[in-house]
Structures are given as structure tokens and as C-alpha cells.
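Given the structure of chain D, go ahead and fit chain U onto it with the hints provided.
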Amino acid sequence: MQGVYEWMIEASRWVRPEMLLLLAGSGYFLAAVFVSAKSRSWAIASLLIVLLAAIWLPSGDADFATPASFFRHDSFSHFLRGLGLGLGAALILLSWDRIPDRCAAEYFGCLLLIIAGVNLVSAANDLIALFLALELVSIPTYVLLYLLRADDAAQEATLKYFFLSVFSAALLLYGLSFLYGATGSTNLEVLRGAVRQWLEQESTSASSTLPPTLLIAMIMIVAALGFRVTAAPFHFYAPDVYQGAPLLPVTLLSLIPKVAGFAGLYQIVSATLLIPGADAAASPLAASASGLFWIVALVSMFMGNLMGLWQDDLKRLLAYSGIAHAGYMIVGLGTGCSSGMIVEGLAGLFFYLIVYSAMTLGVFAILIALQSRDRTVVNVDDLAGLSKSHPILAVVMACFLFCLMGLPPTAGFLAKLNLFLAAWNTEQRLYRVLALVMAVNAAIGAWYYLRVVGVMFLRDAVKPLSVRVTWPAWIVILLCLFIVFWLFFQPNTTWTWMEAITQRR
Amino acid sequence: MDKCLLLMMIFAPLLAAVVVLLLGSNQLVRIRQVSLAAALLSLLCALHVAWHYQSATGRTAEEPFASDPAFEIRVPWLSYLPSPSGAPSPSIEFHLGVDGLSLWLIVLTALLMVSAVLISWKSIQTNPSGYYALLMLLASGMLGVFCALDIVLFYIFFEFTLLPLFFLIGLWGGPQKRYAARKFFLYTLAGSLVTLVGLVAIVLSLVGQGQPMTFSLPELARQVAIQPLPGELQQWIFLALFAGLAIKVPLFPFHTWLPLAHVEAPTAGSVLLAGVLLKLGTYGFLRLCIPMVPLASVQIGLPLVGVLATVGILYGSFCALAQTDIKKMVAYSSVAHLGFCMLGLFALNAEGMSGALLQMVNHGLSTGLLFLLVGMIYDRYHTRQMTALGGLNQRMPILGLIMMFTCLSSIGLPGLNGFVGEFLCLSGMFARHPIYAVWGTLGIILGAWYLLTFVMKCFHGPLKEPHVAEGAIIPDMDRRELSATLPLVALCLWIGLYPKPFLDRMKPEMEALSQRIKQAQKVQVYR
Chain D
1 MQGVYEWMIE ASRWVRPEML LLLAGSGYFL AAVFVSAKSR SWAIASLLIV
51 LLAAIWLPSG DADFATPASF FRHDSFSHFL RGLGLGLGAA LILLSWDRIP
101 DRCAAEYFGC LLLIIAGVNL VSAANDLIAL FLALELVSIP TYVLLYLLRA
151 DDAAQEATLK YFFLSVFSAA LLLYGLSFLY GATGSTNLEV LRGAVRQWLE
201 QESTSASSTL PPTLLIAMIM IVAALGFRVT AAPFHFYAPD VYQGAPLLPV
251 TLLSLIPKVA GFAGLYQIVS ATLLIPGADA AASPLAASAS GLFWIVALVS
301 MFMGNLMGLW QDDLKRLLAY SGIAHAGYMI VGLGTGCSSG MIVEGLAGLF
351 FYLIVYSAMT LGVFAILIAL QSRDRTVVNV DDLAGLSKSH PILAVVMACF
401 LFCLMGLPPT AGFLAKLNLF LAAWNTEQRL YRVLALVMAV NAAIGAWYYL
451 RVVGVMFLRD AVKPLSVRVT WPAWIVILLC LFIVFWLFFQ PNTTWTWMEA
501 ITQRR
Chain U
1 MDKCLLLMMI FAPLLAAVVV LLLGSNQLVR IRQVSLAAAL LSLLCALHVA
51 WHYQSATGRT AEEPFASDPA FEIRVPWLSY LPSPSGAPSP SIEFHLGVDG
101 LSLWLIVLTA LLMVSAVLIS WKSIQTNPSG YYALLMLLAS GMLGVFCALD
151 IVLFYIFFEF TLLPLFFLIG LWGGPQKRYA ARKFFLYTLA GSLVTLVGLV
201 AIVLSLVGQG QPMTFSLPEL ARQVAIQPLP GELQQWIFLA LFAGLAIKVP
251 LFPFHTWLPL AHVEAPTAGS VLLAGVLLKL GTYGFLRLCI PMVPLASVQI
301 GLPLVGVLAT VGILYGSFCA LAQTDIKKMV AYSSVAHLGF CMLGLFALNA
351 EGMSGALLQM VNHGLSTGLL FLLVGMIYDR YHTRQMTALG GLNQRMPILG
401 LIMMFTCLSS IGLPGLNGFV GEFLCLSGMF ARHPIYAVWG TLGIILGAWY
451 LLTFVMKCFH GPLKEPHVAE GAIIPDMDRR ELSATLPLVA LCLWIGLYPK
501 PFLDRMKPEM EALSQRIKQA QKVQVYR
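Residue numbers (the working numbering), protein chains in the order written: chain D, 1 to 505; chain U, 1 to 527.
Since the hints were derived computationally from the structure, they do not count as laboratory data. Here the structure is a predicted model, which means the values were calculated and not measured. Note that CB positions come from ideal geometry on N, CA and C, so glycine has one too. It is possible that some hints are incorrect.
Said to hold, decoys possible - Okay, the calculated beta carbon distance ranges per label pair:
id, chain 1, residue 1, chain 2, residue 2, range
1, U, Ala-37, D, Trp-471, 35 to 41 Å
2, D, Val-440, U, Leu-493, 46 to 52 Å
3, D, Ile-295, U, Gln-521, 39 to 45 Å
4, U, Asp-379, D, Leu-309, 38 to 44 Å
5, D, Ile-295, U, Gly-208, 24 to 30 Å
6, U, Gln-521, D, Arg-196, 36 to 42 Å
7, D, Val-395, U, Ala-37, 44 to 50 Å
8, D, Phe-167, U, Val-75, 51 to 57 Å
Isolated chain D, as found in the complex (with noise of 0.2 Å):
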């Protein structure tokens, strides 16, 4: 028997990187009591800690499973703890020195301690693990939501997203247990092999074996995961929050609960439904998850795509596009439920996140940088005549829409494109049907995209904007569209790599 000291140990051989930016998140809050710095320096050593974070990663290559462990590490979470830190250190570059002095400190803890938590959700190996990663990206992100600007709007939307993310808490751990009820472990390799034996009985006898549970936790899971990724139809806070709460603090919300949901209902849906050797289409669990995604994918396009023709607050489009996106990459985790694809739903799915980060981030960093003390931009009509004052920033944002819109030659063409070939793929009806109405979305999705575009292009501004963007707000935008170009140019690294994920479980 372990004592408790060997097992806190070999629990965390496997997450050294995060445990040190939990380290530092948390040595931040002590420092600030004493340690009075700019804005700026603290976002100088966030960034040298990410680093350093990133360059601890372990390769992918090697995968250091042992079933008994509660963290584990191979090329899925390789690839997202990469994403998670990517990601972290573009946040890091966009707040540089935009954070008032007096929080700083706490400000960027807080988004070291979400970064550690996304990369949690992906190392994980077990439910708890699972669970708790996902609150330490919640609970920071509240503090976040309320750090920056204390008005009554964001007070409104820090609330909102408080108690529905409390509520999606909740429903999500009354989903893991009932897992936990089916198979008396909170291991996912146990649970997996678990499936696997009830699978198999189920192909000799003739009465169905999987226990009924199953299929309850896995409507709790999605529901509750569902809220993270703004899938509707748990998505009602993500426009009001958005509209109300400070820019930088939005940009984090419409990717980090992205990807943290998406790696948890890959960790869930890995574990039960896709068992290698096992017909996972022949599972009656995969049939039944296979149609939950499909309205809930179906019902998140549709309402994005419509709810965002009729906005005119830039953060709220930009919420429903979130939503609408959403959508599109449940479609692909879906199509993973079916096995034997040329074309691999999951591989989609992440080559999708991939891109939506890319586009995403990018379209807010400009939002951002146009940001002045005398001259904000909420509404679409803000960014008009920006063709005129910032020319090129102007022609970067409409290359970022076009991705969103899914126009070649910019990589959200191909993150589509996969997308469609894998609803086809796997020749039910139903996805056929879905990828057609993928295609309609992204034809009513292109309206509301291009009248950004046509704003900044072919209008005026009664009152132009006078800002200089700063450098590190041009290190990102510049990274996220050579992503969004490299990604369409020279796909197959990349896309190689996420098949390679896909298949390794």
C-alpha cells in the first residue's frame, strides 16, 4: 500500500509543467501583498514562465500510461497541453501592459492558474482529476470576469456566468458519478476496460448488458460540457456575459472553456465509446451519443448563425459566432463516434480547434488593440473607415473573417472541409444530412461575417480611429494569421499529427 506522500508523487511525475505555473499563480497572489511592480513586469515573468512550462513538456512521442495513475501523458494531451500554453502566452502578449497596476499581479495568476487547469483537463486520468482540473479553470476566470472593471454591467455578467458554471459543476459531477456507480472506479483506464467487457458480452448474448447509467451520465456530461464550449442549447449566458464583461477577459473566455471542454469530452467520449478493437458502432452507447451530438450540434449552428444576423454589439456577434463554431467542431466528435472512417471526425475536431483559436484570437487581439481610452470599439459601426486609418490591420482582420466565413485560401476553408468529408464519411443519413446543413449554416454564417468586412472596407468613419498598436498585440495577430495561412498551405504536418492523436487511443 502507497502512503500518501509516494502517491502525491508519482500523481505528479506527470504534470511538472503545471505544477509549476500552479506554483507560480499561486506565489503571485503572495507576492502582490508585498511586491509593488508595473503591469508590465509581471507579464514579462508570466510569459518567462509559460516558457519555461512549455519547454518542460514531455514529448509526445513518449506515453508514460500506467492505468493505476492520475495523470497520464501522450500525444492527446501533448498536443493540447501545447495549445493550452500556446494560448496562454498569446492571452500574456494581448493584457501586456492594459492591466490597471493595482491587480496585476492577481490578474495574471489567475490566468497562469487557468492555464495550468486547461492543461489539467487533458492530462488527466481520472474523474477527479478530470473534475478538479475544470474547476481551476472556472474559479480563476470568475475572479477574471470581475478584476478588471467592477460597473454594474460587469458585475451583471460576472454573476450570470458564476451561477450557471456553479450549476454546469454540479451537473458534471452528478454525471462522473454515475460513472463512477457503473464501475466502482474513478480510473478512466478502468472504465475503459470496463466498457470493453461489457461490449464484448454484449456481442454473445443477446440481451443488452451495458448498464443503463451509462447513458445518463453521458446526457449530464454533455450538458454540463456543453455550457464550457457554448454549445446550445447551454450557451444563454455566453452573449450577455460577453457584452458586459471587459474585452481581455472575453477573449479568454471564448477559448480557453472552449478547449477545456472539448479535451473533457474527448477524455469521456475516448473512454467509453471508442474502444479499440471493439465495433464502437455496434455499441447502442455510441448510437445514442452519436444522436445526442447530432441536435446538439444541429440546434448550435442554427442558433448562432441566426441570433448572430441581428447583432450589432461586436462582442455579442462575436458570442454567437462562438456558438455557431461551436456547432460546427460537435459535428465532428459525432462522426468520431462511428469507427473505420478514411476521413477521422476526431482529427477534424481538433484540426477545427486549432484553427478556431487561430482565427478567433486573432479577430479579438485587433479588437483590442483598437482599444483607446477615448475612442472604444463596441459596435460593428465603430470599426467603420478602418480600411482608411489602418490599412493593413484592416486587411490582417478581414483575412480573419474570411477564415471565420470558411474561404479559401485560409485554413477555416479546410477545417470545414474536413469537416464535411467526415459527416459523409460516415454514411448515416443523419450526418449526411448535417453536412448539408453545415454548408447552409456557413452560407447564413457569411452574412453577418461580411458585414464586418463591408463596414471597414466600403464606409467612412464619421470619426476615425487614431490608435498605434502596440508590439506585442502585432505578435499576435501576426502569429495567428500565419497560422490561419500556413494551416491552408501545408496542412499535412499538422493534420497527420491530429490523426496520429486520434488513433493512438
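Leaving out everything else, chain U in the frame of chain D:
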């Protein structure tokens, strides 16, 4: 050298776009020179391709049916997992090549690009670097569509053409430019996204039948020939492809974006829109629809397109007749002329389809010319109202002469290019379904009516000119304008008098296609 030829043709304008952007808007002269040089280089490559086409395909007098595309380039681009049966890993490729279907459209595009650059020479003064860069991007996109032999690459270029044109119309267009640009963009995008689903369906349905997965158009056509898709699926795929392509052509009820976009676009934009971009639709039918879903093309394509095209011919002609704005009249005449193309295509025999392909080139030449000439009139008088103009022959005899020639070619006077194309289209359709051909013929008469009325009103009779300042002299066409139009005029004459070289080079493909249709029908009868 031959390997790089197509690359050079497509990417010379792209390179010029970058150079032009770097030059900045102050160096107007340089910008024009660079753009013209790139357009000429593309044209030279295109002519080289056309000249060596027969030898490059390995076709000789003894063996005229070797049907591999010429000047092929294949580079894998995005590879998927190999299918369970152990086939090599399928990939989307950067696959270019030229065959009989695309050869003349490539030449047409390159030729019209030169004219488009020349016609913008003086009329574009605001932000010229942006304008020429977009024009060059558009050229790359259009040439890319015609050269693409990979189904996804085709679609990528197809969609890509929307972007530069959106900005060209939206920024340099007429008074309603913003509305026109947005409508054009969203209308065509909505349709083509559904087309994308159709393309995906073609590729993956063949995989479902146990064929190895491929995205290459020639290989897909081969697979379909061996094992056609089931009938009901073909019909769905046809409808999906139809959604995007019919809007692009445009067929009758989907044409509403066209007059608006044409009228609001700057002259070069209208020339390319009418001359080349509408052909992307008809070319798509020829390249995707008819080879991949031949049975559905006969079963639902023929009645659907037949009716819509015939209605389009008559409706377009009557609308053209009612216009007082010259540009709008030409725009509506495009709806009618594209109707002839579609009738020829869906005659689904070698005669009709080669007529349709020839008519695509013809329409590009004559409507391109019409838009060029209207643009020249507009540059001089700043009006396009027929009521404000009259007797222009006295002022500008050369322009009047070329205008008369162009109108006659557009009407289809024997001896000029329009006649050959329209005759083949209609006689092809007559063999398949006489009713549509008979109604279509009526369109020719209407065409003569509105075009000749226009020439009579504006170029004959007493001189009538708007806003001419005292003592100002309105010049006739200068050398720049002549060099923009005369090559097109020469080509019109050549096709009209001796169309054989043009028809010969598309013949093997057309024979193969009509064979495919016959085979599909035969299988249907057996079932």
C-alpha cells in the same frame, strides 16, 4: 519548361499583385506597367499552351483520342489515412493540367485580362495599387479554376474568385456598389457551399462503392465510367451541384444578382465578370455535372435546364429590350446568351456540347467587347443612357464600326463567331428536344432587335451628346483602346470563318462525354 508553364501562367499575376501592393499607390505608371507585363506573360504562356497542345497530349492524325490532360503537375497537398482495403493514402492534390474542355477558356481568360488592364488605364485614379492587385488576384483565381484537375482545388479557386471581385465592385463600383457587392458575394457563396457538399458526396459515395478514394477529376470520371453511382443518389448530387452552378451561370430565376453586379462594377470588372466568371458556372456543369452524374443530367437536368434556359433566353431578351441603360441591356443580354450555352450543354450530344463550349468563348469575346466599348463611351460622356446619346458615328467612326461588328457577332451573323456557336447549340438541342430549340431560336431574333435598335439609336441619326464643354473635342478610340479591342475582334472573325482548329481540340473530350451519356442511358434501359 513545360512543367512550369501553367504555374507561371497562374502565378505571374499573383506575383504582380504583391509587387503592385509593395509599390504603393503613388507610382501609377509603374503599377500599370507591372500589371500589363504580368497579364502579357500569362497570355504568352496561354498561347504557348494552345500552340503546343496537340503535340503535348500526344494526339496525332492517326490517334486523335488520346485523352490525358496535357502539361500536368501533381503535388500531394493534404493526405488522409489509407482506406481499410490497403490502398495508397488518398490525398487532395495540387493538380493542374489542360484538356480540351479548358484550353480555349484559358486562352480567353488570359486575353481578356490584357484588355481589362488596358481599359482601366486612365479610368482608375483612386487607390490604383489596390485595384490592380485585386485585378491580378482575380486573374490567378480564374486561370486556376480552368487548370485545376483536382476536385477540391477546383472548388478552392472557384471560391477564391469571389474575394477580389467583391472588393473590386464594392470599392470602385457605381452608386449602388455596396449593395451590389454584398448581394453578389452572398448569393454565389450560398449556392457554392451546397455545391461543396455535392462534391464531397461524389468523392465519398465512390469510396462507399469500394473504389479507392481519390480527388483527381480524371480519375473520378474513370471510376464513374466503370461503376456509375445509383440513380437516386445521382439526382441528389445533381441538385446540390446545380444549386451553386446555376446561380453562377446564372439560370433564369437565380439571375437577379447579375444585372446589379454588372452595372455597378467598374468596366474591367464587368468585362471579367461577363467574360470569364459566368463561364465558371457553365464550365462547372461541363466538368463536374455531366461526367460525374450523367444519368441525372439526362433525367432531371434536361427538363429542368431546358425549361429554365429557354425562359431565361426569352426573359433576358425582353428585359434587354426594355432597358435604357446600355450596360444594363448588355447585362440582360448575357442572361439570354448564357441560356443558349446551357441549351447546348444539356443537349448532351457532342454537337451541342462543343457548341456550348464554343459559345462560352464567343460570349466572352463579344460581351467582353460590348462592355469594353460601353466603358469607353462612359469614359467620354459619363452617361450610359441611350436617350442621351445619338449619332455617335459622326464623332467616333472607328468606335461605331467596332460596335456594329460586335453587335453583329453577338447576334450571330453568319461568318462571325456567334453564329457558329449558336447554330451548334441549337442544332444539338434540336436533335435532343426540338421544342426548346424552337423557342430558343426566337431569342436570336429578339437579340437582333434590341442590339440593332441600340446601334441605331446611339450611333446613327442626328448627333446628340450630353455635357460637352464648349470647344472640347471628344476623341475617337486611341491606340490603347484599339489594342484592348482589336485582338478580340480578330479572334471573333477567326472563329466565325474557320472554327475547325477550335472544334478539333475539344472533339475527343466531347465524344467521350456524349459516349458516357449514351452508356448511362443504356444501363438505365436495361434496369
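Violations among the numbered hints: Hint check: 6, 7 fail, others pass.
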